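Full structure from sequences and hints, please.
Chains as they are written, first to last, in the working numbering: chain A, 1 to 119; chain B, 120 to 535.
Rather than coming from a laboratory, the hints here were simulated on the basis of the structure. The model shown is predicted, which means the values in this text are computed figures rather than measured ones.
Have a look at the derived ranges for each label pair, beta carbon to beta carbon: (1) B:P251 x A:V113: 17 to 23 Å; (2) B:P251 x A:A31: 30 to 36 Å; (3) A:Y26 x B:D154: 42 to 48 Å; (4) A:A27 x B:D295: 34 to 40 Å; (5) A:E108 x B:T429: 51 to 57 Å; (6) A:A20 x B:Q291: 44 to 50 Å; (7) A:A94 x B:L193: 33 to 39 Å; (8) B:S351 x A:S39: 28 to 34 Å; (9) B:E384 x A:A12: 53 to 59 Å; (10) A:A97 x B:V279: 37 to 43 Å.
Idealized CB from N, CA, C, for every residue including glycine.
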Amino acid sequence: MQYLLLIYDNEAKLNALPPAQLVDMYAEYGALTQSLKNSGHFLAGRQLHPVAQATTVRVKDGKQSVTDGPFAETKEQLGGFYMVEAADLDEAVAIAARIPSARTGSIEVRPIVERKDQN
Amino acid sequence: MPLPTETGQASFETIYREEAARVLATLIRLLGSFDLAEEVTQEAFTIALQQWPIEGLPANPRAWLISTARHKALDLIRRRANFADKQTELVHFLQSCEHEPPAQETAMLEAEQPIEDDLLRLIFTCCHPALPQEAQVALTLRTLCSLGTEQIARAFLVPVATMQQRIVRAKQKIRDAGIPYRVPSREDLPQRIAAVALTIYLVFNEGYTHNNREFAAEAIRLARLLHRLMPSEAELTGLLALILLQDSRAAARLSAEGDIILLEEQDRSLWNRTQIEEGLMLVEEALRQGLPGPYALQSAIAALHAQAQTASATDWPQIAALYTLLYRQQPTPIIELNRAAAIAMAYGEEAGLKLLAEIEQRGDLKCYGHFYAAKGELLRRLNRSDEAIAAYERALGLACSNQEQRFLRKRIASLR
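In structure tokens, the structure reads:
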């Protein structure tokens with residue numbers, strides 16, 4: 001099965017991290033990505049720019065509205081993702097637990113809808 | 120067709136009770152689908168109900184049921200095969216047939232071990248932490264206890280449609296989120312065992328609180344089964360011990376009018392001695408199996424109550440010490456409340472009230488009736504009647520069962 005692991009963390013806290021710690025974290029992410037590639041779990045994975053760079057688009061009655069945001073009232077923001085191949089939810093959860101941000105933020109594990117014509 | 124005789128009916132029901140979950144568990148593994156497995160399990164029992172009274176009981180009813188259900192599944196899949204979304208079921212089914220040629224099938228179905236493993240898989244799947252707690256309980260009652268959706272809905276005081284939806288959604292999540300049908304890995308096991316134990320305890324507690332004997336009996340049956348399947352897991356030993364010991368007081372905890380009788384006022388000669396003996400042995404076993412976890416500790420507390428010949432002979436200092444250990448593992452306000460009550464019994468009401476005041480100040484239990492009932496009880500013993508009445512009235516406003524309400528009204532009346 002395929003899963004999207006959505007990485008939520010507190011941007012403000014991440015920005016406040018001392019540079020050395022940030023370097024460590026990126027190194028850990030790099031090692032995890034490499035390890036997931038080696039084990040055949042990795043399908044895709046990227047870091048996102050902060051929410052400040054986000055744009056929200058809605059179309060209502062044929063009229064398009066573009067705003068900044070999402071206005072993050074929540075403490076954690078979507079900061080990146082992995083798309084992985086895993087045998088089942090338990091394996092996907094085990095991978096999610098290895099993501100560095102699981103210790104400071106949270107990882108949402110979402111099964112991807114399977115469609116025959118896309119496989 | 121002749122109707123089944125009365126004895127035939129009785130033995131059929133026994134087989135249904137004992138085998139339905141096992142047959143279902145194995146079929147889920149063979150078919151890879153909860154829904155299909157449930158459907159054909161029901162059908163197999165329906166056919167059995169028609170055939171067995173005429174043709175007699177098969178030599179191995181379980182193997183007969185599984186085999187009949189499998190053939191039903193094959194029929195169903197063939198009929199539905201033109202629907203693309205059924206293809207995965209078909210593939211899974213055909214694969215399972217390939218691996219098990221018919222000659223070996225009977226031998227496989229008669230072997231105890233794989234069937235017991237299937238039951239364990241089913242338990243861990245129904246109690247997967249990715250499912251909402253209430254869905255875990257509902258699914259466990261539905262699949263492992265083979266209770267009807269209506270019966271479960273009635274017990275939880277929700278409309279049947281709501282309960283139906285809860286179960287359908289849980290099964291949907293098992294399928295779509297890829298919740299595995301297997302026993303968790305060694306490293307995940309402690310956490311997953313805790314989830315299973317909690318679900319079984321909630322079933323028991325539901326039965327105990329509302330005096331639903333069937334739920335209590337089912338919880339004991341499940342806890343017994345789990346203990347047999349994983350005999351060296353201290354928490355599962357502790358869980359079985361705990362519910363056996365709590366349940367041993369069932370006949371003494373309600374008056375003839377159905378009113379609650381507090382532990383210290385119960386007629387201890389009504390306690391079920393056989394259950395207590397078994398419970399005490401299990402507590403010792405659990406404590407030998409390693410560092411005691413929450414269920415082992417709670418079973419040790421229940422054991423101290425069970426061993427006291429009279430209420431006044433209860434070893435309250437020991438119980439208070441166990442609650443302190445338990446609170447260290449699970450710092451929840453409810454355990455803090457129980458600890459405060461034990462300390463009041465061991466070291467006096469004032470000491471207990473002091474701890475209750477700390478909890479009240481934080482406001483953690485401001486919607487929890489038992490908190491005010493406990494506070495009222497301590498105030499009553501100190502002859503602080505007005506304050507006791509106020510606390511009992513607050514508890515009355517939050518009480519959820521009729522029995523609790525009647526108990527509190529009596530207490531209030533006795534103080535006026």
